[in-house]
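Number of protein chains: 2
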Amino acid sequence: MTVEVKNDHIEEIRLLLEGGDEHAVSSFLSGLHASDIGRTLAGLAEEDAVKVFKLLSPELASEAVLEVDERLRKALISSISSEELIEVVDEMETDDAADVISELPIEDARQVLEGIGKEDSLEVQKLLVYPEDTAGGKMQAELVSVREDSTVQQTIEEVRRKSKDIENISNVFVVDGSGRLAGTVALDKLILAGPDVPIKEIAEREPVKVRTDVDQEEVAKIFQKYDLLTLPVVDHDGRLVGRITVDDVVDVIEEEIFEDFYKMAGLNVEERVLDPPSRSIWLRFPWLFVNLGTAFLAASVVKVFQGTIEKLVVLAVLMPIVAGMGGNAATQAITVVVRGLALGELSLKNARRVLAKESLVGLANGLMTGGIAAGIAYIVGIKPAVGLLLFIAMTANLLIAGLSGALIPLVLKWMKVDPAISSSIFVTTCTDIGGFFTFLGLATVFMKAGIL
Amino acid sequence: MTVEVKNDHIEEIRLLLEGGDEHAVSSFLSGLHASDIGRTLAGLAEEDAVKVFKLLSPELASEAVLEVDERLRKALISSISSEELIEVVDEMETDDAADVISELPIEDARQVLEGIGKEDSLEVQKLLVYPEDTAGGKMQAELVSVREDSTVQQTIEEVRRKSKDIENISNVFVVDGSGRLAGTVALDKLILAGPDVPIKEIAEREPVKVRTDVDQEEVAKIFQKYDLLTLPVVDHDGRLVGRITVDDVVDVIEEEIFEDFYKMAGLNVEERVLDPPSRSIWLRFPWLFVNLGTAFLAASVVKVFQGTIEKLVVLAVLMPIVAGMGGNAATQAITVVVRGLALGELSLKNARRVLAKESLVGLANGLMTGGIAAGIAYIVGIKPAVGLLLFIAMTANLLIAGLSGALIPLVLKWMKVDPAISSSIFVTTCTDIGGFFTFLGLATVFMKAGIL
Numbered sequence: 001m002t003v004e005v006k007n008d009h010i011e012e013i014r015l016l017l018e019g020g021d022e023h024a025v026s027s028f029l030s031g032l033h034a035s036d037i038g039r040t041l042a043g044l045a046e047e048d049a050v051k052v053f054k055l056l057s058p059e060l061a062s063e064a065v066l067e068v069d070e071r072l073r074k075a076l077i078s079s080i081s082s083e084e085l086i087e088v089v090d091e092m093e094t095d096d097a098a099d100v101i102s103e104l105p106i107e108d109a110r111q112v113l114e115g116i117g118k119e120d121s122l123e124v125q126k127l128l129v130y131p132e133d134t135a136g137g138k139m140q141a142e143l144v145s146v147r148e149d150s151t152v153q154q155t156i157e158e159v160r161r162k163s164k165d166i167e168n169i170s171n172v173f174v175v176d177g178s179g180r181l182a183g184t185v186a187l188d189k190l191i192l193a194g195p196d197v198p199i200k201e202i203a204e205r206e207p208v209k210v211r212t213d214v215d216q217e218e219v220a221k222i223f224q225k226y227d228l229l230t231l232p233v234v235d236h237d238g239r240l241v242g243r244i245t246v247d248d249v250v251d252v253i254e255e256e257i258f259e260d261f262y263k264m265a266g267l268n269v270e271e272r273v274l275d276p277p278s279r280s281i282w283l284r285f286p287w288l289f290v291n292l293g294t295a296f297l298a299a300s301v302v303k304v305f306q307g308t309i310e311k312l313v314v315l316a317v318l319m320p321i322v323a324g325m326g327g328n329a330a331t332q333a334i335t336v337v338v339r340g341l342a343l344g345e346l347s348l349k350n351a352r353r354v355l356a357k358e359s360l361v362g363l364a365n366g367l368m369t370g371g372i373a374a375g376i377a378y379i380v381g382i383k384p385a386v387g388l389l390l391f392i393a394m395t396a397n398l399l400i401a402g403l404s405g406a407l408i409p410l411v412l413k414w415m416k417v418d419p420a421i422s423s424s425i426f427v428t429t430c431t432d433i434g435g436f437f438t439f440l441g442l443a444t445v446f447m448k449a450g451i452l
Numbered sequence: 001m002t003v004e005v006k007n008d009h010i011e012e013i014r015l016l017l018e019g020g021d022e023h024a025v026s027s028f029l030s031g032l033h034a035s036d037i038g039r040t041l042a043g044l045a046e047e048d049a050v051k052v053f054k055l056l057s058p059e060l061a062s063e064a065v066l067e068v069d070e071r072l073r074k075a076l077i078s079s080i081s082s083e084e085l086i087e088v089v090d091e092m093e094t095d096d097a098a099d100v101i102s103e104l105p106i107e108d109a110r111q112v113l114e115g116i117g118k119e120d121s122l123e124v125q126k127l128l129v130y131p132e133d134t135a136g137g138k139m140q141a142e143l144v145s146v147r148e149d150s151t152v153q154q155t156i157e158e159v160r161r162k163s164k165d166i167e168n169i170s171n172v173f174v175v176d177g178s179g180r181l182a183g184t185v186a187l188d189k190l191i192l193a194g195p196d197v198p199i200k201e202i203a204e205r206e207p208v209k210v211r212t213d214v215d216q217e218e219v220a221k222i223f224q225k226y227d228l229l230t231l232p233v234v235d236h237d238g239r240l241v242g243r244i245t246v247d248d249v250v251d252v253i254e255e256e257i258f259e260d261f262y263k264m265a266g267l268n269v270e271e272r273v274l275d276p277p278s279r280s281i282w283l284r285f286p287w288l289f290v291n292l293g294t295a296f297l298a299a300s301v302v303k304v305f306q307g308t309i310e311k312l313v314v315l316a317v318l319m320p321i322v323a324g325m326g327g328n329a330a331t332q333a334i335t336v337v338v339r340g341l342a343l344g345e346l347s348l349k350n351a352r353r354v355l356a357k358e359s360l361v362g363l364a365n366g367l368m369t370g371g372i373a374a375g376i377a378y379i380v381g382i383k384p385a386v387g388l389l390l391f392i393a394m395t396a397n398l399l400i401a402g403l404s405g406a407l408i409p410l411v412l413k414w415m416k417v418d419p420a421i422s423s424s425i426f427v428t429t430c431t432d433i434g435g436f437f438t439f440l441g442l443a444t445v446f447m448k449a450g451i452l
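If you read the protein sequences in the order shown, they are chains A and B.
Counting with our numbering, you get residues 1 to 452 for the letters of the first sequence.
Counting with our numbering, you get residues 1 to 452 for the letters of the second sequence.
Chain A on its own, in the form it takes in the complex (with noise of 0.2 Å):
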């Protein structure tokens, strides 16, 4: 996604900041959306984006808070005082509140816990025991439900009573005595019917759940096949305990999926591209460790035919080539696996056919490269019988790519391991030693057979 960001203000705020009219900068601030303000604050300077924070009111500030990594927000929440943030965490949902308060330090937490009144603190106090990536960590405690002996027309009157405090009411959950989930009702279904009839007659009576320890990613996936706009939440006894909304599911999606491609590149989730530098250090910095182990391996191969380079340095000159196709195709074989193992395209059970089917791609995709490689090397004067040496390498390693391509992320899923992390070290590792022992080793029987 590459749509131009058109709603950053940064340099307007900092000029007004320069300026040090705080005024200007309020009345500035009042007319942006949550979301920008979100934005600015991230690609501000820390101590700017604290100034920034002080001067948003308890509405806006509860909103921009949101928006921003973790790191910030707790740097701007430390910088206000604990009355000041009671009355930001007060102006938010339940598991808005939930997942900030969990971030606090302890006595901080029950500070605000304390300040910001009976009914809403033992709400958030049940969000807070549900792990942050669940369907519990997700929902939010603000839903409309009524007993399954209600008319429509009570149904109606319990909307109206609370619809000062919630947002995106879509539709209305009935439960039984005992508080069990026992039926949806889409707000339009509703409006529909007469105002005397029982609400059990027109609600959805086996509507989609999920329970409260459901990975967030499931939850994802439950929202897009059914096309929800609201998921009701229930702990281990059916009891309604919740609902999660259209909009905080997106994020996750969005979230998952840079998951897994982070994950990949060898990098942690948590980085964004305007952490502080000493930040990112640290989080690339293990991954590349275990890489130079793996390089150190791919060289110890090349140690071995260390004779036959010394005979024909331009051996030395074409290996890289045959070593970094092997690892480009690789790149592609595991882009595509761990995208159908995500998206669910992909499972254990049809995993012989992609075997299959890689490998063919890379034997296809490595003779006809091998092919022009070896044209190629042939037209700027290299020995044929090199030429040959470079085709039959890069078709094998080409082979290689696909199937370890494909097979290391089966197999890690096979494994129970995400098959994202660490493919691509598996893989690559794999082509670089790949392409240097066929290439080498080859070379070194092609001199012995007298060919070179």
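Hints are computed from structural coordinates only; laboratory data are not their basis.
All clues stand as given, with none of them false.
With a straight-line cut-off of 25 Å between C-alpha atoms, the simulated BS3-like cross-links for lysine-lysine are:
1) B/Lys-383 <-> A/Lys-311
2) B/Lys-74 <-> A/Lys-225
3) A/Lys-200 <-> B/Lys-164
4) B/Lys-225 <-> B/Lys-209
5) A/Lys-164 <-> B/Lys-225
6) B/Lys-303 <-> A/Lys-303
Here the structure of chain A is known, so what remains is to put chain B in place on it, guided by the hints.
For chain B alone, kept in the frame of chain A given last:
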């Protein structure tokens, strides 16, 4: 996202098909959700998929056919008669019908448009003029709108009238005498107002809206920014022509993120893991071909220093480490930068900050991994001078990796080229050439100076 897909039924269906009992297949299918049927169709061999598709009710067929990729959809559609196809398309919402019809050969499209009834046909034809990846292409004509002089009671009656044919009515649109969008009303607001209240009074008067020609990526960003469920679409004169619902947007978001990473890996975004090999071969070949060119370019740098390698063949052993580590560090930098650009966290305004940051990260990790590499080299008995060379070259190359990993996507963005596409190829070319040049070039200098 790696949730186990529990809902594909490929094996069961295959067994039933082998048994030849069409009735059993039909009744098994009728118990499944359309998205599961879609996934099952995609996992079967094409001839089996066709058999299964023919057994579906028009309603299930109309949903399942939207869940498979374009290639399979064409195969399925061409397997049924035009009467059957009309029945299937008749079950679809106008936006989906337009998508399917736009993929048909002209003659078939005309037949279907004639078959689905005059009113629907007109709506679909209006949608057909918009490119698929714009707001116009994503919108559906099904919506509830009332004139601005209506009352709440009249509006509720309009909802009632339309609700048989329209799913997911979450709000009502208000238009003026010439059809221009004048406001929106969420259903819960409608429930709460008295029957005689003029609809104008409870309408949101400046609703978020988009014009038909807005790109789908921007539409997705608007949904995320304002947490919308529905977005009205207007023509150049501000007249209401359709609405986009959040479930269509979720797919766009997913597609756009995958697209970025696909481009980075040199893949065509249309490719799917279960595509036939011939298709994957041809989709992947062009990128591999371009890479072959850059690989030869890098090799030509090695060629320049052939004499140096001849004198000290251990250089050929170590040079892939320098180039490979640069490539890994570059992939990290580029992934972070492309993601930042996609999410709008990074714009050209803070480009300098990111360039400085990535250079510093590259330098620091270069110093660390270079130091470790030199240490390992020393331990395995390589001359200290060669270790020093390795240290300097790795530091320089990781600096190059960070700088080019940030600079190249930013320059592409500045040139209004998609920063994801071809970033990787430029950056790895930089690190390959940079790695070989610094390592072998310095070695040559060291030799002349008598250090090596």
